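Asker: Spelled out, the chains give:
Protein chains: 2
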Amino acid sequence: MKVKEAYYRTIWIKPGDQKTIQIIDQRSLPHEFIIEDLKTVEQVAIAIKDMHVRGAGLIGAAAGYGMYLATLEASSSNSFDKHINAAAARLNATRPTAVNLTWAVNRQLTAIQQGSDHQEKIEIANRTAIAIADEDAAHCKNIGNFGLEIVEEIQRKKNGEPINILTHCNAGWLAFVDYGTATAPIYAAFDKGIDIHVWVDETRPRNQGARLTAWELAAHGIPHTVIADNVGGHLMQHGQVDLVITGSDRTTYTGDVANKIGTYLKALAAQDNNVPFYVALPSSSFDWKIRDGCADIPIELRDENEVKYIQGLSDGALKNVLLTPLESPAANYAFDVTPARLITGLITERGVCQANENSILQLFPEYKKV
Amino acid sequence: MKVKEAYYRTIWIKPGDQKTIQIIDQRSLPHEFIIEDLKTVEQVAIAIKDMHVRGAGLIGAAAGYGMYLATLEASSSNSFDKHINAAAARLNATRPTAVNLTWAVNRQLTAIQQGSDHQEKIEIANRTAIAIADEDAAHCKNIGNFGLEIVEEIQRKKNGEPINILTHCNAGWLAFVDYGTATAPIYAAFDKGIDIHVWVDETRPRNQGARLTAWELAAHGIPHTVIADNVGGHLMQHGQVDLVITGSDRTTYTGDVANKIGTYLKALAAQDNNVPFYVALPSSSFDWKIRDGCADIPIELRDENEVKYIQGLSDGALKNVLLTPLESPAANYAFDVTPARLITGLITERGVCQANENSILQLFPEYKKV
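Chains as they are written, first to last, in this note's numbering: chain A, 329 to 698; chain B, 329 to 698.
Hints were generated in silico from the structure; no laboratory data involved.
Everything numeric in this text was worked out from a predicted model, so none of it was measured.
What you were told as hints is all true, and nothing was included just to trick you.
A pair holds if it fits inside one copy or across any two, identical chains being indistinguishable in the list.
Straight line, CA to CA, 20 Å or less: simulated SDA-like cross-link-like pairs of lysine to any residue:
id, residue 1, residue 2
1, LYS347, ILE452
2, LYS330, ILE550
3, LYS332, GLU655
4, LYS647, HIS359
5, LYS647, SER356
6, LYS647, TYR637
7, LYS647, ASN633
8, LYS347, GLN447
9, LYS330, GLU655
10, LYS647, GLU634
11, LYS617, GLU694
12, LYS377, ASP365
13, LYS332, PHE361
14, LYS330, PRO343
Start from the sequences and build out the full structure, keeping to the hints where you can.
Answerer: So, in structure tokens, the structure goes:
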């Protein structure tokens, strides 16, 4: 997507330097736009764990490029396979909830095995990393087109009045390689001239909505308003939300959705007010093994200081400020699970389905258990 | 309640100076404890509007003391009555949602009328202001005793395991004159030796939970954990909340509750997970005229900068930091309405009732329409 008239993805191989990956360091957004070089698996692992990059698709793409860097490192190590497996374990350990992480690492492990020598393994890992990123972008573009049909259906009912879409967290292009998932229908609708306005949940504690989604939408010129996470229910009660679209960090094949903490509360409010609640995800975010998302998807518990402190701009510099009494503990659950029963539909790269096993497997029959 | 072993209320007449009201300036909590002098109606109005003082009961008490200051000012003005009425209008205009404000102002207007001369009017206003504050404290103490019975009932079911209570915003003693409403049962239970732990919603955008409730509870030694507002649903899904208690800024006689924005979302989650959801309020927070809270309670829309910026402590100084892109607008709805159907019960100074007209009027029969 565009940043100041230049076209960017969120991750790429540095032009002229095949051994360096570049990312947008999202920790400084929206106040600073910083490109970071990653040259080692460890740097990629830190970038994922400390959220220089974040979001389901981008975590997967970063892990893919990380495994490519692992093949470069492995070829100058004592044991190629040992290094590759250690790199896979290191990357897999960075974030527990996003299923794209292990999906991308496993895809790379399988691909790398096909190479007959180190050089070929490096080339395969390079191609696979690029393929993971390209597929992610293509999937998001498809999600945009399928989601656009939902927006157009609402547009017909509203007779030209502006359409208000609420989103939680950042499932925007910054969370993927390009386009995003929850934002893809928004970009598609806006680019088609549909009159839309986006309610942006700020998404405490890390404020990915206020920092990243707002920044993305502003950069694209899309009308939007930042709101505290507490506000969505009130807006829905008063008819000010026509559609909710969120992303997903992991969706069970039964339709339960793990997504940024607080998503469940918005789904409850949507149900209580008959507002359609859609989740947009590429199929790489499906977990084909877990039946009961609420019971069995592991929920990451992050550092309490992400709740107690917040970063913002003061006098032109980024500052961390303390929000609570210093002695008060905080708990920082990063995700929650929205039960399938609260979800109107899933928007995938193959089309829209209902959030249940039958409907999901009709779109993805290759995952049917025989 | 206690602050560093000294006993405080939230508002009082300055010892030795009958013409000065003193308050705790809550804007600096939890980082600094500042006592502010208020000598004019205008200073009281600013203190309410800019939230040096806030919370249903304390707004009422401040308005009561403000009207007392108004009688002092009026006695040296050209027209006593004109000044009194202007002061009433000024105070009533400060915050639109809290019903205690107009309740206290009207009580003072009626009382002041009884005085035969300026001096007597001043004395009446002084006594009435003190009575409003004393009654608020007495009501909160009663609420604590009635709420304690609910906690003890849960204690019997949990066989000595710790009881987890979630609260939203600050309906603590800082929001009233003493004890608080939502916190009154918590203080009563803790003081009786019951093993409790409080989940403190930080309560964006103004973070009254993270700043004030956490500070109160820490000062009293009550185990608590600050959480982002997004977290409560997840905790309830996983059996980590036994009871929700919130306050109320205005409750219709039919049981609809206007309270801090986001309360409605927690009530939805409580219902979805069979967690008892209680609202604690003194009868001064009832609106005996409005039937449909969601349609008819006015909801204050505050300055967008309360969402875009946040105050915290950095290097020993209070700093305001920008959280969003500078150009992104924000919307700052301060309250929402929780429909009566989501509320397990109301804890009042006269006992616990259901959130419906019949049950409320059984406790408060003097408001029955004849």
